[in-house]
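Asker: Keeping their order, the protein sequence lines are chains V and W.
The numbers in our numbering rise by one with no breaks, and the one at position 349 of the first sequence is 349.
The numbers in our numbering rise by one with no breaks, and the one at position 144 of the second sequence is 144.
It should be emphasised that the hints constitute simulated quantities derived from the structure, not laboratory data.
Check before you lean on any hint, since a few could be wrong.
Note: identical chains are not told apart, hence a pair may lie in one copy or across any two.
[As the list claims (entries may be wrong)] Keeping only pairs whose Cα atoms sit at most 25 Å apart, straight-line, the calculated SDA-like set for lysine to any residue is: (1) Lys449 to Ser205; (2) Lys46 to Gln331; (3) Lys138 to Gly149; (4) Lys66 to Asp271; (5) Lys287 to Thr166; (6) Lys46 to Val336.
Number of protein chains: 2
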Amino acid sequence: MYVAMGPMNDDNGSMEMEQDEVAQLINGGETEEVLGNVDDDEEMAKIQQAIDMITDKYVDEVDESKLVEGAITGMLETLEDPYSVYMDESTAEEFMNSLDSTFEGIGAEVSMTDGRVTIVAPFRDSPAENAGLRPNDKILVIDGEDTDGLSLYDAVLKIRGEKGSTVTLTIERPGVNDPIDLDVVRDEIPIETVYSEIIEEDGKSIGVIELSSFAEKTATEFEEQLKELEDSNIDGLIIDVRGNPGGLLQVVEEIGSLIIPEGEPIVQIEDQEGERMRQLSNLDGKKEYPIVALTDEGSASASEILAGALKEAGGYEVVGTNTFGKGTVQQTLRMVDGSEIKLTLFRWLTSDGNNINEVGVEPTIKVEQPDFYYATPLDFEEPLTYDMSNEHIKNAQIMLAGISEFDPGRTDGYFDEETEEAVRGFQEQEGLEVTGEINEETGTRLQEKVIEAIQGKEYDLQLDRAIEVIVE
Amino acid sequence: MYVAMGPMNDDNGSMEMEQDEVAQLINGGETEEVLGNVDDDEEMAKIQQAIDMITDKYVDEVDESKLVEGAITGMLETLEDPYSVYMDESTAEEFMNSLDSTFEGIGAEVSMTDGRVTIVAPFRDSPAENAGLRPNDKILVIDGEDTDGLSLYDAVLKIRGEKGSTVTLTIERPGVNDPIDLDVVRDEIPIETVYSEIIEEDGKSIGVIELSSFAEKTATEFEEQLKELEDSNIDGLIIDVRGNPGGLLQVVEEIGSLIIPEGEPIVQIEDQEGERMRQLSNLDGKKEYPIVALTDEGSASASEILAGALKEAGGYEVVGTNTFGKGTVQQTLRMVDGSEIKLTLFRWLTSDGNNINEVGVEPTIKVEQPDFYYATPLDFEEPLTYDMSNEHIKNAQIMLAGISEFDPGRTDGYFDEETEEAVRGFQEQEGLEVTGEINEETGTRLQEKVIEAIQGKEYDLQLDRAIEVIVE
Numbered sequence: 001m002y003v004a005m006g007p008m009n010d011d012n013g014s015m016e017m018e019q020d021e022v023a024q025l026i027n028g029g030e031t032e033e034v035l036g037n038v039d040d041d042e043e044m045a046k047i048q049q050a051i052d053m054i055t056d057k058y059v060d061e062v063d064e065s066k067l068v069e070g071a072i073t074g075m076l077e078t079l080e081d082p083y084s085v086y087m088d089e090s091t092a093e094e095f096m097n098s099l100d101s102t103f104e105g106i107g108a109e110v111s112m113t114d115g116r117v118t119i120v121a122p123f124r125d126s127p128a129e130n131a132g133l134r135p136n137d138k139i140l141v142i143d144g145e146d147t148d149g150l151s152l153y154d155a156v157l158k159i160r161g162e163k164g165s166t167v168t169l170t171i172e173r174p175g176v177n178d179p180i181d182l183d184v185v186r187d188e189i190p191i192e193t194v195y196s197e198i199i200e201e202d203g204k205s206i207g208v209i210e211l212s213s214f215a216e217k218t219a220t221e222f223e224e225q226l227k228e229l230e231d232s233n234i235d236g237l238i239i240d241v242r243g244n245p246g247g248l249l250q251v252v253e254e255i256g257s258l259i260i261p262e263g264e265p266i267v268q269i270e271d272q273e274g275e276r277m278r279q280l281s282n283l284d285g286k287k288e289y290p291i292v293a294l295t296d297e298g299s300a301s302a303s304e305i306l307a308g309a310l311k312e313a314g315g316y317e318v319v320g321t322n323t324f325g326k327g328t329v330q331q332t333l334r335m336v337d338g339s340e341i342k343l344t345l346f347r348w349l350t351s352d353g354n355n356i357n358e359v360g361v362e363p364t365i366k367v368e369q370p371d372f373y374y375a376t377p378l379d380f381e382e383p384l385t386y387d388m389s390n391e392h393i394k395n396a397q398i399m400l401a402g403i404s405e406f407d408p409g410r411t412d413g414y415f416d417e418e419t420e421e422a423v424r425g426f427q428e429q430e431g432l433e434v435t436g437e438i439n440e441e442t443g444t445r446l447q448e449k450v451i452e453a454i455q456g457k458e459y460d461l462q463l464d465r466a467i468e469v470i471v472e
Numbered sequence: 001m002y003v004a005m006g007p008m009n010d011d012n013g014s015m016e017m018e019q020d021e022v023a024q025l026i027n028g029g030e031t032e033e034v035l036g037n038v039d040d041d042e043e044m045a046k047i048q049q050a051i052d053m054i055t056d057k058y059v060d061e062v063d064e065s066k067l068v069e070g071a072i073t074g075m076l077e078t079l080e081d082p083y084s085v086y087m088d089e090s091t092a093e094e095f096m097n098s099l100d101s102t103f104e105g106i107g108a109e110v111s112m113t114d115g116r117v118t119i120v121a122p123f124r125d126s127p128a129e130n131a132g133l134r135p136n137d138k139i140l141v142i143d144g145e146d147t148d149g150l151s152l153y154d155a156v157l158k159i160r161g162e163k164g165s166t167v168t169l170t171i172e173r174p175g176v177n178d179p180i181d182l183d184v185v186r187d188e189i190p191i192e193t194v195y196s197e198i199i200e201e202d203g204k205s206i207g208v209i210e211l212s213s214f215a216e217k218t219a220t221e222f223e224e225q226l227k228e229l230e231d232s233n234i235d236g237l238i239i240d241v242r243g244n245p246g247g248l249l250q251v252v253e254e255i256g257s258l259i260i261p262e263g264e265p266i267v268q269i270e271d272q273e274g275e276r277m278r279q280l281s282n283l284d285g286k287k288e289y290p291i292v293a294l295t296d297e298g299s300a301s302a303s304e305i306l307a308g309a310l311k312e313a314g315g316y317e318v319v320g321t322n323t324f325g326k327g328t329v330q331q332t333l334r335m336v337d338g339s340e341i342k343l344t345l346f347r348w349l350t351s352d353g354n355n356i357n358e359v360g361v362e363p364t365i366k367v368e369q370p371d372f373y374y375a376t377p378l379d380f381e382e383p384l385t386y387d388m389s390n391e392h393i394k395n396a397q398i399m400l401a402g403i404s405e406f407d408p409g410r411t412d413g414y415f416d417e418e419t420e421e422a423v424r425g426f427q428e429q430e431g432l433e434v435t436g437e438i439n440e441e442t443g444t445r446l447q448e449k450v451i452e453a454i455q456g457k458e459y460d461l462q463l464d465r466a467i468e469v470i471v472e
């Protein structure tokens, strides 16, 4: 399941369906009542017996309502579907309230994976991105509180907070040994989900549309901005869904109908019985200019539908890295006591009928960003100096090699003379005290430079390649 | 929960009670029937509704008996007690069978922690220990199969197998970055749980009794071997429970009565209502010689009772490191359909009434083993050579520094000239090709030397300190 710590108001950033869409898919227009169909007394008796044993005999007092919630959570876990989750009454209510009010947070999409709150993608230029959070970071601790046993919703509520306040997240990053502490300053998360610009290259005008999520108004805004670009006679279009965690199914279908060739399937929806429903594009003909999709490992759900459709139904290039791999659609179901189950109801397949769950959409042109995009923020327990060897030095070397003209010569974490020379060069250029050591000041500057470089797109190899494809 | 992959026949190595003991504690002799006492229809209705929603609407077909098992597992998880677990009918049956037959395995105690099968302690001189498994190693993969979602019992059944066959375990070790592959050759696990010897030091005879677990015959054997030692007029006694994962409550009470001063409490048992029952030693007086307990982080459950009693009721020294911290007693309860719940029924407290759960028993004299005891087995994807820097080099340096006369000068993982010199020295001494590189041959020899050193006890700083205490 995804929960947006972002701007969503009436959806939560995952691939969700509107109530009427669901009703239509289930039984052609009428909303079905949830009726009991399990009268297997033996199985309920077994659950009853377990509850009795535990409450009677367990060494400590047992809270029965906790047991019931544990039972539901345990049942959902057997589905092995990270997107099907339980939310108790008070959490469900609190969460709805938090969505109603003006939203202030860190701007990242999270899911629950292996029992830990996990970053799917930080939003573009959000506090989360600026602090260095990355896809697949696991959040272990929020402001000193262990997230173990915390539900996704409870975790999100703790991460959110007033603009300007700071939340400290301790994260585990794949391939990194020690947990990392990151201070994230909360901010108001902008509600705009569509950004566009025109890039001129080799005498050609290339329109770029970035989609940060698929929210209610995203399709309308996309249509307006696409029209503006077309009025400027663009020679090609790049659609950037990197770091876009998804959103509403209907919205991606609408956007697909604006760019996918006439009559081609944008997406296929499959239900419990394996019945498929295809959604076809009602564009008039085919766009005259080439289109390229930009994807990365943070492109999830609706982003993957769009990238898959551009690739398979449009025959367009997809540049970047493999997408996240979320191929299911959820809906929130309310229980008798006000608690909720968010359940995966449908699977979606790409235009050609490929199931991308856990697999993702493979780009037609694979381009990784430079290594420093993936470097871990430095941790300054002590200055890094000559002849030391550790992971922080490795990250500093990758950053120096990537964004400065001072090449440390190696990126394996050993601080040799060449590294020292590179540090001196960087310090001199930046007007810092020239010590040859990576102290807190030098390290902080180095990281600022990395963030600037990423935001300034001067090393955005994926975008560069997409532009090349259109200019060629 | 503990499950012995060891020699246990009618217990499974955890702190368990016999049926009659339990009955006595609960209601003075009569075995209580498990009766229903929850008739809260609302709560059962909620579970029923969740089952209906999931089976009706989930995108895939749902196995209802799996759901019920998930519900029970989920309820037990709310207890946040790693020792309370569910076992389905076939697993329970298969497990009983595997305990009946001659036992062949790897010789290690495991528990389920954070959803992963975790080593509590390898048995002394077992295949597990010889392969380099250590307390708190998490088993991620067994012969290529991910353990995620596997129950503890299913995992144990996969790890066990015919003598001479090999099982490959992929483990995650705290503080180590990448998963480690270990090949463990299964063997018959010896059934003896008591070993004793006499060490002569400074003209004094010191009896040493090692207890590898608290099994049915352990107390009788302990009594016999203690008598032999006493007939040899020992001047002191060392009781070594390092790496001892526990066993039967009754057995540790019997052993306590052989060495804890007369009338002192060996252990206190506390039930759900907080009622405590003290078990007093019926020794005649007090032993005339000093006693020292040896503990480490693999000393769990019954081992901790014994160490705690020696420390608190006997006033004896405890040498080594903090114990594991398991302060509860389980019993297996059978359900209507043959499945079982193993449930924590009681808490035990030390002689002075201290709760050691998750805390362990602190030694009175803290002694760590040399660093090489804790070094990670090397992994030979490529030879380790001059100017490289990584974790494998770090471990090799720790081993060289610990068990050879060739000191690499640093143990931070950077392969400098001094390290190369040390490798050459070691290769020369061992009659290996002198290359200055740690290739597979050199690394393997180095690790053999480490295992020899650990088994030969020549660097056993904890034992040395215990001997000193008695000789002083």
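Asker: For every hint, state whether the structure bears it out.
Answerer: Hint check results:
Proximity of Lys449 and Ser205 under a CA criterion of 25 Å is satisfied in neither setting, with 29 Å inside one chain copy and 69 Å between copies. In this assembly of identical chains, Lys46 and Gln331 lie within 25 Å of each other by CA distance solely across copies; the values are 19 Å between and 29 Å within a copy. For the identical chains of this complex, Lys138 and Gly149 are neighbours both inside a copy (14 Å) and across copies (19 Å), given an alpha-carbon limit of 25 Å. Proximity of Lys66 and Asp271 under a CA criterion of 25 Å is satisfied inter-copy only: 21 Å between copies versus 32 Å inside one chain copy.
Taking identical chains as interchangeable, the C-alpha atoms of Lys287 and Thr166 are never at most 25 Å apart, the minima being 46 Å within one chain and 61 Å between chains. Within a single copy, Lys46 and Val336 get their C-alpha atoms as close as 22 Å, and across copies as close as 7 Å, so both meet the 25 Å cut-off.
The structure fails to meet hints 1, 5 from the earlier list, while all remaining hints are met.
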